[in-house]
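Sequence order for the protein chains is Z and F. Take the first sequence: its letters are residues 1 to 450, numbered as in UniProt numbering. Take the second sequence: its letters are residues 1 to 588, numbered as in UniProt numbering.
What the hints contain is simulated information worked out from the structure, not anything from laboratory work. One or more hints might be untrue.
Said to hold, decoys possible - In silico DSS-like cross-links for lysine-lysine, where the CA-CA straight-line distance does not exceed 30 angstroms: (1) F:Lys394 / Z:Lys93; (2) Z:Lys103 / F:Lys517; (3) F:Lys430 / Z:Lys93; (4) Z:Lys103 / F:Lys430; (5) F:Lys201 / Z:Lys103; (6) F:Lys444 / Z:Lys137; (7) F:Lys444 / Z:Lys93; (8) Z:Lys69 / F:Lys430; (9) Z:Lys103 / F:Lys92; (10) Z:Lys93 / F:Lys565; (11) F:Lys454 / Z:Lys69; (12) Z:Lys356 / Z:Lys378; (13) F:Lys297 / Z:Lys93; (14) F:Lys414 / Z:Lys69.
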Amino acid sequence: MTDMSDFSELMRPSTEGDRMETCVLSGTGMHFPWLQKYLNSVLTERKKEKAFAQTTTECLSLMQQALLKHQWQQAAGYMHSYLQVLEDWDVIKRQAAPEIIWKLGSEILFYHPKSSVETFNTFADRMKNIGVMNYLKISLQHALYLLHHGMLEDASRNLHQAETWRYGDKSSSQEVLINLVQAYKGLLQYYTWSKKKMELSQLDEEDYAYNTASQSMLNHSWKTSINLCALIQIPGVWDPFVKSYVEMLDFYGDRDGAREVLTNYAYDDKFPSNPNAHVYLYNFLKKEKAPREKLISVLKILYQIVPSHKLMFEFYRLLRKSEKEEDQKLGLEVLFGVLDFAGCTRNITAWKYLAKHLRQTLAGNRLAWIQELWDSRKNWWPNFHFSFFWAKSDWKEEKTLACEKALVAGILLGKGCRYFRYISKQDHQVLKKKMKRMKKSVKKFSIVKP
Amino acid sequence: MDLEEAKELKERCTQCAAVSWGVTDEGKYYCTSCHNVTERSKEVVDTAAIPNTKIQAISRGLKRKRKLEKGWDWYVCEGFQLILCQQVEALKTLGVGPELKNDVLHSFWKRYLQKSKQAYCKNPIRTRRRKTTALEDTPSHSDWDSEPELISDFICSSFAESEAESQPDLHTQKPFPIIKAPNSAYTCSGSLDGVEYSQRKEKGIVKMTVPRTLAFCYLSLLWQREAITLSDLLRFVEEGHIPYINTFEHFPEEMKLYGRDKLIFAIESWPIYEDIYKNTIELATFLDLPRFPDITKDCYLHPDILCMKYLMEVNLPDEMHNLTCQVVKMTGIGEADFLTFDPIAKKAKTVKYDVQAIAIIIVVLKLLFLLNDNLEWSLSDIAEKYNEKNKKDKPWFDFRKWYQVMKKSIDEKKQKWEEARAKYLWKSEKPLYLSSYNRPVVYKRREVVVNLQKQFSTLIDSTPVAEKQNPSSFQFNWTEENPNRTCFHGHSLQGILKKKGQSLTTMNSLYWLSTQKFCKSHCKHVTTYEESYFSQSYQFVISLFSFLLRIKTSSLHEEVSLIEKRIFKAKYNQSKKKPSKKKIRKVK
């Protein structure tokens, strides 16, 4: 492997000058008339480099503009000139260049009408070998490109090459990247495995082919798990890897192993907070028919991270089933929390649950719970949920929703609120009974006394 | 080990100080008394490989080859000489007379070598240096220090027509140490004196640089009173008609460049008008040149002729020439004494002929249209109405129309120019490296770039890239037919001028000064140009012309102010007593 950035070029003339000049300056407070001249010459030496630097900067910005406008041909033209930055005398610029060239160049080659997979491959192979620090990153992205084009085998070969790549100290500093490369390879193997699983499910167990197929599946899973497990030990977000790894463990009956992986993924403090980790664990435990307490404790964390998650209704139902009082209170909290989000404003289930829960809570003389939750919302919920506009549009589009909401509005804001007044004035044959009940409930339970 | 004796090596051994060398199988020298093997190797002399027999005959030093990059021995000044040769040949193909090369530039260069004590003098700089170091007698053992057999200076051999008289070097057999550590950056060079040259800091000596080669060219052009201004010369450089960037590519194959040479010969900047102008004066003073031939009325560089040229270039009516001539007369800047360059004069200063001519045109535009964002437009209204009514007559000059045409053309041109600059390929086919250690890396890098470029070049729009333009003094071409390129040359200034007695005067009787007060401190500039203080039309005119000349707007503004200073001398003196008078009545 040839490396370019590693051979550090020695100092440039201007820096050499700078150094000498600072020596002079920092020495004494004396005045050197010749210094000005020297400084000027240093400055002009800098100026000398300017035009080249100007060219490359200007070229880069024009190339970016062309890319934004999807002018791939023009962009290729600018890239053609921009490549000279790889020969920049300025070490810093030269070392920063390969990444820029790779990113923009691969973008051009991805979209350019005249480009092909071969062109892309040649480009990627060339870029990989400019500077050690880029080899793995580019290999990985190259593999993703191949995947995008459905070339699984090439992608896999590519990943394999990257996996075996070593470069002294440099490789150890890029351990995460190597793990990632391996994990992607594992993911590809998982894909083959799961295809085989499909085939297997279509075969008869007594079939002659069944045995060989299951054997080769086993082989695959073994290789795959080795590739995957290294990466998921490292803190990070590894959703697809974890999922496929767990699926394989589960398939071969290693439930404890799978549970351990998921628990670790969800609860290890070193890992970044990741809602999916909890979702995976919850789904796994649910399938396992774990006790309700356990499920609630998992979802509690998910609730803290994403209060509007669609699992929240399931969470709510679990809480309702619980006998503990605090769980009931938490259930109310969860419903309020869901409805805080604009995306859930028209969720009829949420409103239905809330209306019912409010009634029951008040019937159970737990006004304090509601007041506690309502205090922080009373400033903005009226406009957010219970405006005249909403009343009109809800009634027009979804009458049952409007009724549920009106009930909640009535309870929380009293009979006088716009939403309740508008809905209760409406006349509807089918909903007549419902409306009557609603009015009654409001009269009975409203927390705002007239 | 082969016990072949090597008598050509006269250095002392580092281990035992004996002078008794043998050559090993690999061709390396080793000491026969202590068996210490050096890094030096015996070099193969292959004279048959040298193609140019003429040069070979002149310089016997060529036989000697080096280990790092086998090539000829050559001096930095020879490199510059080759650049000058390329440039002067290019000028010849542009139509400049052959005397420029054979007589003028050649003698300037000879004079330079003499003044800078590099040749044509009793005690050339290199010889002196060698003598002193030889006395020190410090044996050193890198490949780099031994320069035996250096016999002749290659000087002037490339001026083939001229007599190649070279100063024989009083060479010594003793090696002289140039550098301590071989092969490290900046301590080696392909040329013999590259390292020493870049360290040389002698008072009063103007050292050669690549930009200064252009100063040499311009000096010669000026001496010959050729029809090329400095801005033309630099534009030709930019358009690639005159070699400047990567000129070393065309050095003979056997002249190797690396290390320090890179810093001396590789250029990654466009020449800047002001810099070259300054260099020209510096150089002329250093060369102690006598007064240049007079710039008379029939010379291209005379303002009357240049004004005509630029009026045509920027599409202004020919009738304006009459006015520019008057301004030239009034200010006295058409006098030969004013125009002629005299380096020996107390304060050597040459006129920026092109900038000055443009400044005169701007002054005339201000006289006619005031350029206060008001008068020029009302005059345009009048002209437009007249032209509509009298379609058959000679049209009146309409400033607004002219602005529209010029704005469009200049914007297009500017955009193309900027694009070309952004796409300019600076790097040479023949990459330069700093040390032998660095060499494979640099070559590899070059290869990578070439390969990648090849790949992207197939993806570039297939429409052929604009052919290299033919060199021309004009950048624009105006014709009557194309409405986007309307030609205003034949338009009349009627409606802007009025009869007053026998003569014509301008309708407009106001004028404003570009600079109220000149800077008198010791800094170099006399005025500053803060765009936003000035009217839009003035800004446009300034930016248009400064783009034409590829100079900074501020330097054009300065020149305009200087012309005004000459016209309104009296007013400036008055304003010393009575400042803060924004507009003054025109004195005419």
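Each hint tested on the structure:
1. Between the alpha carbons of Lys394 (chain F) and Lys93 (chain Z) the distance comes to roughly 59 angstroms, so the proposed pair goes past 30 angstroms and is violated.
2. Taking the CA atoms of Lys103 (chain Z) and Lys517 (chain F), the gap is about 54 angstroms. The hint is violated against a cut of 30 angstroms.
3. The suggested pairing of Lys430 (chain F) with Lys93 (chain Z) holds, with an alpha-carbon distance near 21 angstroms, which does not exceed 30 angstroms.
4. With a CA separation close to 28 angstroms, the supplied pair Lys103 (chain Z) and Lys430 (chain F) stays within the 30 angstroms bound.
5. For the hint pairing Lys201 (chain F) with Lys103 (chain Z), the CA-to-CA distance comes to about 47 angstroms; that exceeds 30 angstroms, so the pair is violated.
6. With a C-alpha separation of about 22 angstroms, the suggested pair Lys444 (chain F) and Lys137 (chain Z) falls inside the 30 angstroms cut-off, and the hint holds.
7. Only pairs whose Cα atoms come within 30 angstroms are accepted, and Lys444 (chain F) paired with Lys93 (chain Z) is accepted, the gap being roughly 18 angstroms.
8. At most 30 angstroms may separate the alpha-carbon atoms for a hinted pair to count; Lys69 (chain Z) and Lys430 (chain F) exceed this at roughly 36 angstroms.
9. In summary, the hint linking Lys103 (chain Z) to Lys92 (chain F) is not supported, as the alpha carbons are separated by about 47 angstroms, beyond the 30 angstroms threshold.
10. Pair hint Lys93 (chain Z) plus Lys565 (chain F) does not hold up; C-alpha atoms about 47 angstroms apart against a cutoff of 30 angstroms.
11. At most 30 angstroms may separate the alpha-carbon atoms for a hinted pair to count; Lys454 (chain F) and Lys69 (chain Z) meet this at roughly 24 angstroms.
12. With a C-alpha separation of about 20 angstroms, the suggested pair Lys356 (chain Z) and Lys378 (chain Z) falls inside the 30 angstroms cut-off, and the hint holds.
13. Distance hint between Lys297 (chain F) and Lys93 (chain Z) is unfulfilled; the C-alpha atoms sit about 53 angstroms from each other, more than 30 angstroms.
14. In summary, the hint linking Lys414 (chain F) to Lys69 (chain Z) is supported, as the alpha carbons are separated by about 21 angstroms, within the 30 angstroms threshold.
Hint check: violations occur at hints 1, 2, 5, 8, 9, 10, 13; the rest are consistent with the structure.
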